[in-house]
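Same order as they appear, the protein sequences are chains A, B, C and D.
1 is the number of the first residue of the first sequence in the numbering used here; add one for each residue after it.
214 is the number of the first residue of the second sequence in the numbering used here; add one for each residue after it.
427 is the number of the first residue of the third sequence in the numbering used here; add one for each residue after it.
649 is the number of the first residue of the fourth sequence in the numbering used here; add one for each residue after it.
Take the hints with a grain of salt, since some may be wrong.
Below 30 Å or equal to it, Euclidean Cα-Cα: the simulated BS3-like pairs (lysine-lysine) are [stated by the list, open to error]:
hint	chain 1	residue 1	chain 2	residue 2
1	C	K445	C	K607
2	D	K691	D	K829
3	D	K829	D	K688
4	B	K284	D	K667
5	B	K284	D	K688
6	D	K715	B	K284
The set of hints was computed from the structure by calculation and includes no laboratory data.
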Amino acid sequence: MAWARDEIAGRIAADIPDGWVVNIGVGIPTLVPEFIPSEREVLFQSENGILGMVALGPDGSPDPEMIDAGKRPIAIRPGGSFFESSLSFSMIRGGHIDLGIVGALQISRAGDIANWRTDEKMIGGIGGAADVCSGVRNLWVAMLHTTDTGESKLMMECGYPLTAIGVVDRVYSDLAILERDGVTWHVIATAPDVDLAEVRRATGFPIESGDEQ
Amino acid sequence: MAWARDEIAGRIAADIPDGWVVNIGVGIPTLVPEFIPSEREVLFQSENGILGMVALGPDGSPDPEMIDAGKRPIAIRPGGSFFESSLSFSMIRGGHIDLGIVGALQISRAGDIANWRTDEKMIGGIGGAADVCSGVRNLWVAMLHTTDTGESKLMMECGYPLTAIGVVDRVYSDLAILERDGVTWHVIATAPDVDLAEVRRATGFPIESGDEQ
Amino acid sequence: MDKREGISYALHSIDDGMKVAVGGFGGAGFPESLVSALEKTGKKDLVIVSNNAARFEGLITSGAVSKIICSFPFGGASSTLRAAIVDAGVELQLLPQGTFAECLRSAGSGLGGVLTRVGIGTAFAEGRQIINVNGTDFLLEPPLAVDVALIHAEQADRWGNLSMRGTARNFNVAMAMAAAKTIAEANEVLEIGQISPDRCDVPGIFVDSVVGPRSTLESEDL
Amino acid sequence: MDKREGISYALHSIDDGMKVAVGGFGGAGFPESLVSALEKTGKKDLVIVSNNAARFEGLITSGAVSKIICSFPFGGASSTLRAAIVDAGVELQLLPQGTFAECLRSAGSGLGGVLTRVGIGTAFAEGRQIINVNGTDFLLEPPLAVDVALIHAEQADRWGNLSMRGTARNFNVAMAMAAAKTIAEANEVLEIGQISPDRCDVPGIFVDSVVGPRSTLESEDL
Chain A
1 MAWARDEIAG
11 RIAADIPDGW
21 VVNIGVGIPT
31 LVPEFIPSER
41 EVLFQSENGI
51 LGMVALGPDG
61 SPDPEMIDAG
71 KRPIAIRPGG
81 SFFESSLSFS
91 MIRGGHIDLG
101 IVGALQISRA
111 GDIANWRTDE
121 KMIGGIGGAA
131 DVCSGVRNLW
141 VAMLHTTDTG
151 ESKLMMECGY
161 PLTAIGVVDR
171 VYSDLAILER
181 DGVTWHVIAT
191 APDVDLAEVR
201 RATGFPIESG
211 DEQ
Chain B
214 MAWARDEIAG
224 RIAADIPDGW
234 VVNIGVGIPT
244 LVPEFIPSER
254 EVLFQSENGI
264 LGMVALGPDG
274 SPDPEMIDAG
284 KRPIAIRPGG
294 SFFESSLSFS
304 MIRGGHIDLG
314 IVGALQISRA
324 GDIANWRTDE
334 KMIGGIGGAA
344 DVCSGVRNLW
354 VAMLHTTDTG
364 ESKLMMECGY
374 PLTAIGVVDR
384 VYSDLAILER
394 DGVTWHVIAT
404 APDVDLAEVR
414 RATGFPIESG
424 DEQ
Chain C
427 MDKREGISYA
437 LHSIDDGMKV
447 AVGGFGGAGF
457 PESLVSALEK
467 TGKKDLVIVS
477 NNAARFEGLI
487 TSGAVSKIIC
497 SFPFGGASST
507 LRAAIVDAGV
517 ELQLLPQGTF
527 AECLRSAGSG
537 LGGVLTRVGI
547 GTAFAEGRQI
557 INVNGTDFLL
567 EPPLAVDVAL
577 IHAEQADRWG
587 NLSMRGTARN
597 FNVAMAMAAA
607 KTIAEANEVL
617 EIGQISPDRC
627 DVPGIFVDSV
637 VGPRSTLESE
647 DL
Chain D
649 MDKREGISYA
659 LHSIDDGMKV
669 AVGGFGGAGF
679 PESLVSALEK
689 TGKKDLVIVS
699 NNAARFEGLI
709 TSGAVSKIIC
719 SFPFGGASST
729 LRAAIVDAGV
739 ELQLLPQGTF
749 AECLRSAGSG
759 LGGVLTRVGI
769 GTAFAEGRQI
779 INVNGTDFLL
789 EPPLAVDVAL
799 IHAEQADRWG
809 NLSMRGTARN
819 FNVAMAMAAA
829 KTIAEANEVL
839 EIGQISPDRC
849 DVPGIFVDSV
859 VGPRSTLESE
869 DL
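Only chain A is shown next, with the shape it has when bound in the complex (with noise of 0.2 Å):
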């Protein structure tokens, strides 16, 4: 059984050590600050230009000057900060953040990753997907392993526009855990009654058989 959004979020969480900062992208990265143990100091950063941002609580208002880079209303923690953007994307990439989460629409086998648009005639916005990508010193992905019409997210190549190369050290997606080497991948972990094999044929390249448990 394939893990669900919640599951991944929950994956990731278990994997992230206490002092890390970590920059979080929309989708099913924002869901995994719940899962991350109470007494595991990890702070989250948003592009935007705050270090140890929270969710908002139930008995929290909503501050119009307190938002995500998702543009959803958050709180700070003891111990946060506020910046300006260029300071910003200086922790981002000058290596300070010591990992990000993001979503993808496509990974390659070198690492390159593209989620910010399907098309090149389209209009959209790179926003700091860039930044971090590239300048995170580990990026792990979250995503479903294929797409709705049951193509691989994981290819040889990337068809869509890049948002950069070479970056990605891990993909977290509902069939299983990979890690990057190089162009050498490895299963770190399946999900429950998913097994190599099935990851294999869900995948656009080779995935070695070494170390997967």
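For this one, chain A is given, so just place chains B, C and D on it according to the hints.
Then chains B, C and D, alone, in the frame of chain A:
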């Protein structure tokens, strides 16, 4: 009779319009602030990270964390601000400072300035001089017209290592106030009992006879 | 030195064809009074420099905008805005958001542009000069200077010192630096000295006009 | 997450030959405890990156320094320091002060260097690549990354958030950004939440070790 150092500073102060932001170097320039009329709002910037610095009053106690670029204890006026060095030089290089007032060893006809060392081999420091001379909107030089041995500091080409090229707008010396337009220099004023001929004798490049007073 | 101005007077410095930066990320730090007053001026051919295009539908549909320089014009749902941009023939120039912010800062800092790895190997590298520094290739993105910046602050004083709140800083700081003229609207205009020198997000040197809260605008207007 | 460390333990991360940035302009914001502890470690071949050289006479005369990268090594009066530098064969590299600060920030920001007009036509242009951007020439100065930064703050918390006072910010902020490891000494170490998110001069993300005030150092030492 030539102007004294205090008088040079006073002439400069008289010419600074209300609302200007001014960076001042060491030497005669440090005397300028005390001659600003009290009703005129002029803000002094120091490149080590303060806008709105003022002299430490006779009752003020020096604070080691409050110094100017000459490392003398200072205070801040209401409406001033503190900032880190890279922002300070954004102000300076970015043309946000209305006026820089600096000393000089030599000035050339084309407005080049040499004010950081006399000898290629001497160990010396450039500090913020090159940034200030290159970046401010107006650069006024406060200096004695000639060296101790009577040679002009205003010459066709500087002999000492340059700080910046083509940047000097005015020279306030002990003999005269001179203004540059390209390679053309005009006398704005001469010191009491100093005539144009004397200024010309003391200057290593031609001075226009047009609009002196 | 008093930079307080009525909103109409402040906006007189905007001419047709100018490059106008507008701060804000979503609604946070967005100078709403200034933009809504700008809509009424009937300017033409403006180049809007702002992270997002969503709040310029009024300007776009009235034909005031020829080009938008941004990182994220709109999310998926803005179909009327999308259509308006296409209908009005507005040119869109996209920059990665960090490059966008840094190019503004670069212009305001008297620098020659931004050398970044972001966009290497992608469409954002097209037409860009590649500069090799110590063996590594970087894209050169020129500085993004603007004629006017419209920004938002929580507090201002008459010298233009600004203090901001929460995530409202965003592009407002770099835009104030990048503009030949910066117009700041503030929720509150304080006396000189009420903004702490340690808590000044934008020193007044970067600000040319201070426009007070909406309630005081009419009487102050010149 | 607790970045508080004893001073000796924190300095273990400095190895012979490393590039060590030291904050401060004159005495303001100078990390005196860290530098005086560094003098006792007997390190060799350090490259000191600091605006001024005047406070490193102890390190220089003990032979710990091979090179100093700075803007203003010393004023006219420092004849003993001058002699010490010559005697010890210390190499001096000078950068204009704004370029020095911006090169640190550039390294900490993942950028490829600084394009500046400062130094054009002078000795500071020698050996530099000239980059033409839209018709104007700029000097390219590469980023100035360092192994370790020793900086000073007024207040810190255990996550490394720092708050500074007066003109003590200076190079401390850009150096914290530029270093692989940043060690901050603070006059006061506060609880998490006591440094306001609006008054945090250096977010903790840029800081790796927090060393408390001198009085608490001995007992904390590991």
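Is the hinted pair C/K445 and C/K607 satisfied, with a Cα-Cα distance of at most 30 Å? holds (11 Å)
Check the hint pairing B/K284 with D/K688 against an upper bound of 30 Å on the C-alpha distance. holds (27 Å)
Please verify whether D/K829 and D/K688 have alpha carbons no more than 30 Å apart. holds (20 Å)
Has the given pair, B/K284 with D/K667, been kept, meaning a C-alpha gap of at most 30 Å? holds (26 Å)
Does the alpha-carbon distance linking D/K691 and D/K829 stay inside the 30 Å limit? holds (17 Å)
Are D/K715 and B/K284 close enough, with their CA atoms no more than 30 Å apart? It holds: about 24 Å lies between the C-alpha atoms, which stays within 30 Å.
When each numbered hint is compared with the structure, no violation occurs for any of them.
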